[in-house]
Amino acid sequence: MFTTFFYLLRQVGIPVSPTSFLRLQRALSMGLITSIDDFYTAARSILVKSERYFDLYDQVFAHRFEGAELKEPEEFELSQVAHAMLEEWLKDPKAMADALGIDEESLNRLSPEELLQYFLDRLKEQTEEHHGGSKWIGTGGTSPVGHSGYHPGGMRVGGVSRNKSAVKVAMDRRYRDYSQEGPLTQAQIGEALKRLRNMVPTGPKDLVNIDETIYQTMKNAGEIEIVFERSLKDRLKVILAIDNGGWSMDPYIEMVQTLFNYARSQFKELKTFFFHNTIYDNIWEDPPRFKKPYPVSELARRDPETRFIIVGDASMAPYELMATDGSIHIEERSTLPSYERLRFIADTFRHSAWLNPKMSSEWPYTRTITMIREIFPMFELTIDGLEKMVAHLMSDN
Amino acid sequence: MTQENNTNMKFTGASKYVLDEELAKIVNITMALEMPLLLKGEPGTGKTMLAHAISEALGMKLIVLNVKSSMKLVDALYQYDTLTRLNDSRFGDSKRDVSNIEEYIKMGKIGQSFVSEERVILLIDEIDKADTDFQDDMLDVLDQMEFDIIEIDKTVRAKKRPVIIITSNAKKDLSDPFLGRCNFHHIAFPEPDMMREILKVHFPHISKDLLDSSIRAFYKMREFRSIEKKPATRELINWIRALQADPDFNVKQLIKGDLPYLGVLFKKSPDYAIARNAAARMRI
Numbered sequence: 000m001f002t003t004f005f006y007l008l009r010q011v012g013i014p015v016s017p018t019s020f021l022r023l024q025r026a027l028s029m030g031l032i033t034s035i036d037d038f039y040t041a042a043r044s045i046l047v048k049s050e051r052y053f054d055l056y057d058q059v060f061a062h063r064f065e066g067a068e069l070k071e072p073e074e075f076e077l078s079q080v081a082h083a084m085l086e087e088w089l090k091d092p093k094a095m096a097d098a099l100g101i102d103e104e105s106l107n108r109l110s111p112e113e114l115l116q117y118f119l120d121r122l123k124e125q126t127e128e129h130h131g132g133s134k135w136i137g138t139g140g141t142s143p144v145g146h147s148g149y150h151p152g153g154m155r156v157g158g159v160s161r162n163k164s165a166v167k168v169a170m171d172r173r174y175r176d177y178s179q180e181g182p183l184t185q186a187q188i189g190e191a192l193k194r195l196r197n198m199v200p201t202g203p204k205d206l207v208n209i210d211e212t213i214y215q216t217m218k219n220a221g222e223i224e225i226v227f228e229r230s231l232k233d234r235l236k237v238i239l240a241i242d243n244g245g246w247s248m249d250p251y252i253e254m255v256q257t258l259f260n261y262a263r264s265q266f267k268e269l270k271t272f273f274f275h276n277t278i279y280d281n282i283w284e285d286p287p288r289f290k291k292p293y294p295v296s297e298l299a300r301r302d303p304e305t306r307f308i309i310v311g312d313a314s315m316a317p318y319e320l321m322a323t324d325g326s327i328h329i330e331e332r333s334t335l336p337s338y339e340r341l342r343f344i345a346d347t348f349r350h351s352a353w354l355n356p357k358m359s360s361e362w363p364y365t366r367t368i369t370m371i372r373e374i375f376p377m378f379e380l381t382i383d384g385l386e387k388m389v390a391h392l393m394s395d396n
Numbered sequence: 000m001t002q003e004n005n006t007n008m009k010f011t012g013a014s015k016y017v018l019d020e021e022l023a024k025i026v027n028i029t030m031a032l033e034m035p036l037l038l039k040g041e042p043g044t045g046k047t048m049l050a051h052a053i054s055e056a057l058g059m060k061l062i063v064l065n066v067k068s069s070m071k072l073v074d075a076l077y078q079y080d081t082l083t084r085l086n087d088s089r090f091g092d093s094k095r096d097v098s099n100i101e102e103y104i105k106m107g108k109i110g111q112s113f114v115s116e117e118r119v120i121l122l123i124d125e126i127d128k129a130d131t132d133f134q135d136d137m138l139d140v141l142d143q144m145e146f147d148i149i150e151i152d153k154t155v156r157a158k159k160r161p162v163i164i165i166t167s168n169a170k171k172d173l174s175d176p177f178l179g180r181c182n183f184h185h186i187a188f189p190e191p192d193m194m195r196e197i198l199k200v201h202f203p204h205i206s207k208d209l210l211d212s213s214i215r216a217f218y219k220m221r222e223f224r225s226i227e228k229k230p231a232t233r234e235l236i237n238w239i240r241a242l243q244a245d246p247d248f249n250v251k252q253l254i255k256g257d258l259p260y261l262g263v264l265f266k267k268s269p270d271y272a273i274a275r276n277a278a279a280r281m282r283i
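Just so you know, the protein sequences line up as chains D and R, in that order.
With numbering that gives the first Met the number 0, letter number 67 in the first sequence gets 66, and the count goes up by one each step, no holes.
With numbering that gives the first Met the number 0, letter number 144 in the second sequence gets 143, and the count goes up by one each step, no holes.
Note that these hints are calculated values from the structure, not bench results.
Hints may be right or wrong, so weigh each one.
Lysine to aspartate or glutamate pairs mimicking EDC-like chemistry, simulated, CA-CA at most 20 Å apart [what the hints assert, rightly or not]:
1. R:K266 x D:D302
2. D:K218 x R:D96
3. R:K67 x D:E268
4. D:K218 x R:E150
5. R:K229 x D:E297
6. R:K67 x D:E228
7. R:K229 x D:E268
8. D:K236 x R:D127
9. D:K267 x R:D130
10. R:K105 x D:E211
Label pairs and their in silico Cβ distance ranges [as the list claims (entries may be wrong)]:
11. R:E150 x D:M29: 37 to 43 Å
12. R:R233 x D:M29: 35 to 41 Å
13. D:M393 x R:K67: 20 to 26 Å
14. R:R89 x D:R349: 51 to 57 Å
15. D:V226 x R:T154: 27 to 33 Å
16. D:S16 x R:K207: 45 to 51 Å
17. D:T369 x R:G179: 45 to 51 Å
All values reported here derive from a predicted model rather than from experimental measurement.
Using N, Cα and C, we set each Cβ at its ideal position, and we do this for glycine too.
Take these sequences, add in the hints, and give me the full structure.
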């Protein structure tokens with residue numbers, strides 16, 4: 000009877016291994032579990048190996064055993080659902096529809112905030128696929144929300160960004176949680192990341208290893224043989240800032256994910272932050288970039304010897320980098336241009352680098368890459384690039 | 000308690016440890032399944048204390064392996080005491096047989112838990128400090144319940160499978176094969192109600208005023224912005240101890256927002272400075 004539960008857990012993305020499931024069966028057959036409460040705690044401790052999945056587990060458990068419905072996502076979570084649905088519908092945008100909306104004029108004057116609200120409202124109302132027209136979301140049409148529509152100062156929702164500088168992106172991919180496992184299939188990247196292992200500081204060989212000295216001396220039949228070792232140095236602290244937003248990073252996300260998975264166990268301290276396109280007043284500790292903002296100015300309080308690595312394609316509209324209020328996120332206002340913020344980071348951490356998934360041959364064609372390269376040394380997200388980056392971060396200058 | 004009924008024993012808490020029901024179930028099921036239990040959680044949530052509490056409650060011996068970053072697996076298993084052997088061979092004043100290497104093998108912490116005649120509790124503390132290879136190799140040993148002593152070509156097998164508790168500070172994720180072999184529990188930071196119970200265990204005669212206001216102040220102080228190391232249960236207990244020891248201290252001070260001995264709670268100097276500032280502006 001629990002097999003469906005097992006598959007349900009796997010379905011929602013909790014990595015449950017068959018072995019652990021068998022172990023749960025064993026616990027059941029041993030008569031250790033006598034009530035549903037017992038089952039809840041036992042199954043969780045046996046099957047779920049990370050607190051990240053506890054919330055999901057709770058939902059699945061309630062759904063399976065208490066008959067509760069899986070909770071409808073609300074508010075900000077709706078944007079995820081909305082985006083997933085939209086992606087489905089907007090895959091094949093039709094040509095611009097002729098139909099004009101009755102309220103087009105008034106919608107033209109809506110502020111971005113109001114537009115976002117309008118968008119979500121329409122989404123809640125919408126029950127079927129719809130192309131054209133002026134109220135429902137679909138492809139074409141002149142309603143200010145929708146893909147490939149025309150709207151002065153409107154938002155882009157879904158679809159492929161044309162020049163990678165949409166005026167306002169309404170929907171973020173907040174559900175891409177990098178802290179979860181990614182497929183480690185790219186053998187080449189796996190190989191490349193082993194080079195990160197070189198990011199270990201080495202001290203001079205000036206420490207006498209007494210045990211080894213005695214051992215070797217005895218092997219030498221009493222002839223003294225002194226063995227020196229490298230003195231231990233503390234492992235590095237690393238801050239990783241990942242661009243996890245928008246569509247321009249989309250093709251590289253798997254690569255970044257691999258890098259991220261590998262990097263976790265490498266350092267004394269690894270702090271990961273997220274941003275979209277470039278860094279303004281805040282970076283975020285949570286991948287959806289929503290709940291836990293971290294002021295960039297606070298970075299000054301961290302150890303200046305920390306290695307600061309930024310992963311991003313550095314491709315955006317120039318104003319996003321240079322203007323005071325450059326963020327494409329309507330909720331994110333900034334006091335300084337991003338360019339100044341990046342400079343501040345580079346000044347704070349003398350060992351910093353920017354990893355770019357774009358190949359270096361493409362760099363000269365994007366203005367913002369050139370501008371960012373003036374601040375950070377930039378490296379390709381390839382085996383060679385990583386090797387160079389590690390060498391750069393480990394050098395004393 | 001005798002060791003025969005060890006397997007039927009149930010853990011229900013100890014004198015200085017407040018156990019929540021969920022954790023008790025997990026501990027019991029883990030012991031019955033003979034699997035290691037991996038405990039994660041913020042510092043100060045009582046991960047290490049749990050092992051001590053189980054040991055006290057069930058009357059089992061506790062062996063603690065404090066993991067260090069430079070540690071090699073063999074250190075935890077056994078040591079070949081070459082120095083004593085050299086000494087013996089030169090001066091020959093001991094009763095040991097120099098030609099018998101086995102007399103110079105000393106068991107490490109894991110080794111001790113294997114050769115013990117009684118079922119013991121093995122606490123492997125702060126596993127996340129060691130590197131991944133150490134973790135995986137160690138799990139192999141704990142899985143097989145045996146290891147080889149290379150010098151004398153002998154296999155040590157566990158006489159009684161120890162109860163294994165592993166703690167991790169959640170800074171790093173452990174590897175998948177490691178997680179696959181453990182039961183897992185994450186201890187959340189205690190809620191104020193739970194904290195009240197914990198404090199009552201430690202301070203049976205504490206006044207209600209002091210209990211109320213110190214807990215309220217404590218949880219407010221945990222919310223201070225940009226603190227690097229938040230004060231945990233241990234700090235709170237020490238703080239209350241400090242407050243009680245001060246003859247001039249009056250509970251009304253806390254209610255007014257005058258918080259003495261912040262240094263007990265905030266141990267890093269930048270944290271302390273921030274806390275001083277924030278506390279001056281705080282009202283409870």
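Lying within 45 to 51 Å: is that true of the beta-carbon distance D:S16 to R:K207?
-> holds (49 Å)
Pair hint outcome, D:K218 versus R:D96 [Cα-Cα no greater than 20 Å] | Holds. D:K218 to R:D96 sits at ~19 Å (cutoff 20 Å).
D:K218 paired with R:E150 [C-alpha distance capped at 20 Å] = The given pair, whose Cα atoms are some 13 Å apart, holds under the 20 Å limit.
Is 20 to 26 Å a correct range for the gap between the Cβ atoms of D:M393 and R:K67?
-> holds (24 Å)
Pairwise hint evaluation, R:D127 against D:K236, where the allowed Cα distance is 20 Å at most | holds (15 Å)
Can the restraint linking R:K266 and D:D302 be considered satisfied, given a maximum Cα separation of 20 Å?
-> Given pair R:K266, D:D302 holds - Cα atoms ~17 Å apart, limit 20 Å.
Given the hinted pair R:K67 and D:E268, is their alpha-carbon gap at most 20 Å?
-> Cα-Cα ~15 Å, so holds.
Taken at face value, is the distance from the CA of D:E228 to the CA of R:K67 at most 20 Å?
-> At roughly 18 Å apart (the allowed maximum being 20 Å), D:E228 and R:K67 satisfy the hint.
Hint check for R:G179 and D:T369 - Cβ pair distance inside 45 to 51 Å = holds (47 Å)
Is R:K229 within 20 Å of D:E297, Cα to Cα?
-> OK: R:K229 and D:E297 at ~17 Å, within 20 Å.
Restraint status (C-alpha distance of R:K229 to D:E268 at most 20 Å) = Within the cut-off at roughly 17 Å; holds.
Taking the CB of D:V226 and the CB of R:T154, does the distance hold inside 27 to 33 Å?
-> Given about 29 Å between the Cβ atoms, the range holds.
Hint compliance for this structure: no hint is broken.
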